[in-house]
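Trainee: Listed below, chain by chain, are the residues.
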Amino acid sequence: MIKAVCIINNHGKPRLAKFYQSVESEALQQTVIRRIYQQVAQRDDTFCNYLEGIVPELGDNVKLIYRHYATLYFVFAVDSQESDLGILDLIQVFVESLDKCFENVCELDLIFHSDRVHYCLDEIVMGGMVLETNIGAILQSIKDQTKLHKDSLSKADANESSSAIRERIGTEQSTWQYNW
Amino acid sequence: MATGGVNLSKEFFELLKAIGESKSKQEEDRIIAKEVVRLKQKLETPQSGGMGSPAATNQLLTSKKRAKEFLVRLLYVEMLGHDGSFGYIKAVEMAASSSLFHKRTGYLVCSACLSPEHEFRFMLVNQMQRDLQSSNVLEICGGVLAATALITEDMVPAVSGEVMKLIAHDSDTVRKKVIIALHRFHQLAPETVTREDLVEKLRKVLCDRDPSVMGSSLNVIEALAAEDATVFKDLIPSLVSILKQIGEHRLPSDYDYHRVPAPWIQMKIVRILGIVGKADAAASSGMYEILMDCMTKADVGVNAGYAVVYECVKTIATIYPNPKLLDAAGEAISRFIRSRSHNLKYLGVTGLAMIVEGNPQYAAQHQLVVMDCLEDPDETLQRKTLDLLYRMTNPVNVEFITERILEFLRGSTDLFLKNVLTKRVCSVAERYAPNNAWYIRTITQLFEVSGDMVKQEVAQNLMTLIAEGTGDSEEADMLLRQNAVELYVGLLRDKPGTATKLPRILLETIAWVLGEYGYLSAVCTLDDVLKELCALASVKARLPNSTRKFMLSAVFKLVSQAGTCPPHAATVIDEYTRSKDTDLQQRCLEFQTLLTTAPQILSQVFPVDASAEDLAVDPNLSFLNGYVQQAIANGARPYEKPEDDDDDDDFMDESATNKGSGFKMTPYEKPQTPAAAMAAMRGMGGATPSMPGVSLPPGAGYGASTAPVQANTGAPGAVQLNTRNVANVWGKPQAAAAAPAPPPPAATSNAFASPGASSFGASSTGTNPYLAAAGMSSAPAPPPEPPKTAEQLEKERKAAALFGGMIPGAAPPPPAPASAMSAAAARAAASGATPVAAPAPPPPPAPAPAVEIDLLDMSAWDTPAPAPPPAAAGIDIFAAAPLPAAAPAAPPQVETVSDDEEEAPAGGLAAPAAPAPVPPPNPIDNLDPFAAEGLLGDVQDAPLASLSMGTQKFEFNGVPLGPLEITTAQFGQQWGSCPAVAPLEVQSSKVTTLNAFMDVCSNVGAYKVESIVSTNEGICAGMIGGTHVVLIHGKVSPGGMGAKLNVTVKSTDPSVTGPLAMYMQTLLR
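From first to last, the protein sequence lines are chains A and B.
Residue numbering for the first sequence follows our numbering, starting at 1 and increasing by one per position.
Residue numbering for the second sequence follows our numbering, starting at 1 and increasing by one per position.
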């Protein structure tokens, strides 16, 4: 299970913090973020991208898997049920999705559109489980939502547009069949 | 109004900019506080103009933008750790908005900010229900997402029905989310969304036509399988087939990631295979081929591929082993470990640690790389490598590895890591120590670097080892002691003035060793040693009182050895006579009195090198006879024995005539004071084995040799207040033994109550009072708990001897049944760990048959006769090894009385009559309850006439075994207090899973207390006829054909364990 996802910049400012396992209080969340940053920031970029046993607040055997991009650290806190390398690639997928979503994502995008970052993450991870790993599918969902958002802003009657979208989605369903 | 939107954005921009530029946390706090004020103001101003105004559409837009931005800013404030609760209501309001755009923002803020028990969560239930029923796919998705993030246990029933229905929804986006939502519900409220429901849904969803739905279901399957894999075993063929199709690129190409087809789905499936195939040869065999295939295909040189390969390696390490796959895994690991990428190195080291325990040959080729990893500046890698080293430790490399770990410990400041490593050093040192001198050096170093993180029992163990030596030759032991003394003297001299900063545990050990064996030093005189100790013990030093007591005891011993008290020692002792600690004060006063009034007996009070000697104690207090006679002559009333008090002889007669139920099943009493007192005297460090001029009645020997046992068995009851099922075998006879020579309680009380001078003064008639009084107050008493380590060490040493060298496949099972008695004797001889109470092989004549049996006769398990259980019970009444675990465990007790207990007698309580207020330390309590496993080696492997595995309950003398419903904690308590043990090891092809084992136990009639899936262990409890408690512990591990079962049957009645163990063996085989 993924326990938490954080994006922290080089100076330790959180840009996104999502906890899938309720961490008791706000203060504790801040401790977790700070502790993650302290540990991650000291590490050389050539080091491996794993850190163990430093956030007891999230439970035993929680491992941090992180990636460092220019000014940001993307940190996933996971338990033993997740694959070490798999999560590393998942972070890459997340970043690529953001990049497509914002067209050359930069830190400012994440600040000004933190809600969209959340929606993007929601398409990848849900309730601590990996929901989708296919970039195409992730982007499609986000696109649908954005479209709907725009529609709902421009039209007073949101329902009408959403039903139109639903129809569109309905026709796009995968026609690919399996035989297992 | 038209510019409102722009202004707001500007405000937001300014805020972010200010925060970005803030230099300190305080500044940031100020900025946020301002922002909070601003947001609050906004909340209070009306949201939009009145309806029907000309600019209505425009305003709607602005206000929606404003509202959304308001929430985003709120989110930001919360993310920085400030309270935004004033705006939560706005978020709830937004979630109910008709616009999806706002709804999602509302839900988002709610799920990020509301604490789990926040009342607003309930306000959202209605809205979620509406969304779940919506016709709009995105609304449904929003609803499912919100439900997953926001639902609490109480709310599950309100939405679970709707969500269940959605599993059949047309849209794959909905289905894949629903399955995860259902899992969440199951975690929160397992009775609403039951495991069965979920499993059934999962089976359907696994065959979903959309790969991403299948992919998300795999997560849930893995999570459920990790709890209990049995229901998923039949999915193996489906999973294998899916994996195969993915490998053949049958999925659409957009599932490829860096040319690897659907790597995450592959990983998940491989992981699930690992879980369901664990310890299951049949299940595992179905996946060998696909794993090999998958591993080969994924190896295309990109990370995603390595990820799949790595998962395959992990699975191969967990499932039932296959040599070919292991080789392939070894190969993959070796490529990882040699890779330049740190990530792959990390995986390589982790993977190697996984397979190395069973297959050490894979580690051999990587020695140099592993060493490099250890030197690597990356701490994560270092830690993993230490972990690997720990797992590959063997008698050959133990010195090197321990040195490395100690080195790391010296440099590390991470408490958590230090703790783990400390335990590991103890463990490998005990298991693999090449010789005792090395062990002493290593543990001393460990004390230095880890200080009080080391468990007290390790120090205890060390002292026991030094005191008792190996038992091989007296010269070797003396050399060992001398080495230890030199080591410690050196330590003290290296750190003039700062020695008191050494960790407490080390100081105490040093004090004890120097006190006992200081005279052995070749580099310095006894007086020098004494000087060092006095310097340490001087009042100015900052030391805990317990450490001071160690120091002073050592000083006392050295002074009595020297025969004179040098001035520096006299000063220190004198200073402590004014100590605030009354115990310390008393010890010093007593010693001073001894020194001045009767220096000639000092050598008896503090005998040289006698800490490991047995101590004869006269529980009848016959030395008081004269006093008693005098008191009676003066008109005191003689002691009258209570009517209902069982006599020792009666007890034995009864058991002889009525074999079936000869053992008393009434609860233990609290341990009697004599036990504590005796233990205290032993703790003292020695005494003359037998008292001149004191005749010992038969009961005396009995009392003396059972004292530790009694302390052991009696204590759990006393500590846990759970005395119900603890037989009173030892408690009462003790009192009875005291009866024949009845000293009036008052008289005894007097003798003991007068501390110090008076008791010494009165003592010219015999030596006992000295011993008693001195022993009580000045035991050098390293605190308790040695038995565990002593025994464990012993066991582990044996294991090392057997399995040593790590040569694969060359681990013969311990040769079992010679006579268990000789095994016990061998154990006693093999190391110094057991000596004192392990009774001398020629058993003392007559007095206490029960004792002999307990300690020596463990022969029942040599040859389990295939006789029907009840008959065996009749025959083997005493044979079933009532105390095999307790007996070897007892001796270290000798030095283990903590200072506290000495207060009891000194405080004026009559030793035999008063129940001890402080229970003696309880070694059994510290014993690993499962440590008794295999103590007696294998059971004979001859096939027995198999009984059908029906639902026959076990019967003992016609009384069936009934379930005893207790909790695991209670089980643990009772485990320690059940004297009779019968371990058995069965190779079974019939009972291969934990559940099957538990079922067998249940069929036998026992209650399933708990099955621990993670370790494959289970515990059950039963009761026969309301008196005999029966406890069963079993561990299922893969081996040979089927599974290996290690079962331990314990009972309060030794005559039950044997037959039941045999009965179970037949059922299990």
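In case anyone wonders, no lab produced these hints; they're calculated from the structure.
Watch out, some of these pointers could steer you wrong.
[Stated by the list, open to error] Here are the computed lysine to any residue pairs in the SDA-like style, where the Cα-Cα straight-line distance is at most 25 Å:
#1 B/K418 to B/Q482
#2 A/K147 to B/D376
#3 B/K418 to A/N61
#4 B/K25 to A/N10
#5 B/K17 to A/Q30
[Stated by the list, open to error] Chain B is nowhere near these chain A residues, computed Cβ spacing over 10 Å in every case:
#6 P14
#7 R43
#8 Y50
#9 Y69
#10 A70
#11 D122
Beta carbons: idealized from backbone N, C-alpha and C, even for Gly.
Trainee: Now, for every hint given, state plainly whether the structure supports it.
Mentor: Here's how the hints hold up against the structure:
| no. | hint | in the structure |
| --- | --- | --- |
| 1 | B/K418 to B/Q482 | violated (31 Å) |
| 2 | A/K147 to B/D376 | violated (51 Å) |
| 3 | B/K418 to A/N61 | holds (16 Å) |
| 4 | B/K25 to A/N10 | holds (15 Å) |
| 5 | B/K17 to A/Q30 | holds (21 Å) |
| 6 | P14 | violated (5 Å) |
| 7 | R43 | violated (7 Å) |
| 8 | Y50 | violated (5 Å) |
| 9 | Y69 | holds (16 Å) |
| 10 | A70 | holds (16 Å) |
| 11 | D122 | violated (6 Å) |
When each numbered hint is compared with the structure, violations occur for hints 1, 2, 6, 7, 8 and 11.
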